[in-house]
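Participant: Sequence:
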Amino acid sequence: MADYELPSMYSRGPQYSYPELESEDDNAKINIPPSVLPTRESFRDVHVEDNRLAWLLLGTSFFILLWTVIPVVVDFGYITPWFTGDALWRLFDPVITLPFSLFIMTRADVMCTGGQPHYWGALSERSVAWLLWSIGAGIYVQGHGIHLAAAMFKHPIQNFNIAHPELVTQYPVLEEMYSNMRDLWEHYIAHYMYAAGAMAMSWVQLFVYRNQIHGPLPTPTRIVWCIGSLVYGLLVAGVAIEFPNGLIVGLIYSIVIAFVAIAILLFNKRNLPQGGLFTMGRRMVIQFYLGSCVVGFIIIIIWIGKFGLLNRKAAGIA
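First residue of the sequence shown: 1, per the numbering used here; consecutive thereafter.
Among the clues, some could well be false.
[To be verified] If you anchor each label on the Cβ, the simulated ranges turn out as follows:
id, residue 1, residue 2, range
1, Glu-49, Thr-80, 39 to 49 Å
2, Ile-162, Asn-268, 56 to 66 Å
3, Val-294, Val-72, 18 to 28 Å
4, Phe-307, Gly-145, 23 to 33 Å
5, Gln-116, Gly-305, 18 to 28 Å
6, Val-256, His-164, 45 to 55 Å
Simulated from the structure, these hints should not be mistaken for lab results. Keep in mind it's a predicted model, so treat the numbers as computed, not measured. Here a beta-carbon is modelled for each residue, glycine too, at the ideal position from N, C-alpha and C.
Turn these sequences into a full structure, and let the hints steer you where they fit.
Facilitator: This is how it looks when you write it as structure tokens:
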């Protein structure tokens, strides 16, 4: 027993030692320098992301404008006596426009990183943004659905009233039903719910991009970005001209959101002169909405100068 030796695995000499693992206090621990940690830039080229965002802003504005204007200026006729062509056209509106708005949200750094972990109680900044955006999207879709339903069902009643004027005289409730669908539900409740939802989603985009810096943008991206802002300005003006009392609402909205955008730039400068106010897209989303509201405001002022506060139908514009 005195000559018994432990197996070599229990009696390794210094040649088997691993000094770097002997003490937890040694300095030879595995350290990963911050420079090699994954960053947003390491996964996505900044210029590519800015270009995608510019196209998303343009696409969102273009398709909302397209789905809003086409049924106004084009007569699609009737598919059936109870179903008009413009109702079918409008049916696809949120299916196209909402994904564009959602993709704009996903490009924000806050939505990638999560932002502040306890921004609103237990909710992170990202969760708050998604909550507010989803509420806006819900209002947008509900308004669209009410508008679509009212527009669909008013036409059969209108056609019946035109075909049977004697019954309308005998039963005034028939005209009241038509007016209720057209004026109250379609032109007021639905239009303003639809617009309020779209505005809410835009305001959430201002919120999530308030700290983000872009660019400098390449010239092609600048062009796309400017065209998108112009198209959104046309949308703001077009909605104001179309809606009942929309001109006053459009003026107020354009002024308010413009001042909010300017305040974000000037009071949250992000180390840019004047917060990037006079740059070409360094504060891309904030400047996008600022520029569009300036365009919308100018068009509304021109319309008021020519037609007063009359909307399109009241002014006799087909």
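Participant: Name the hints, by number, that the structure is in violation of.
Facilitator: Of the numbered hints, just 5 does not hold.
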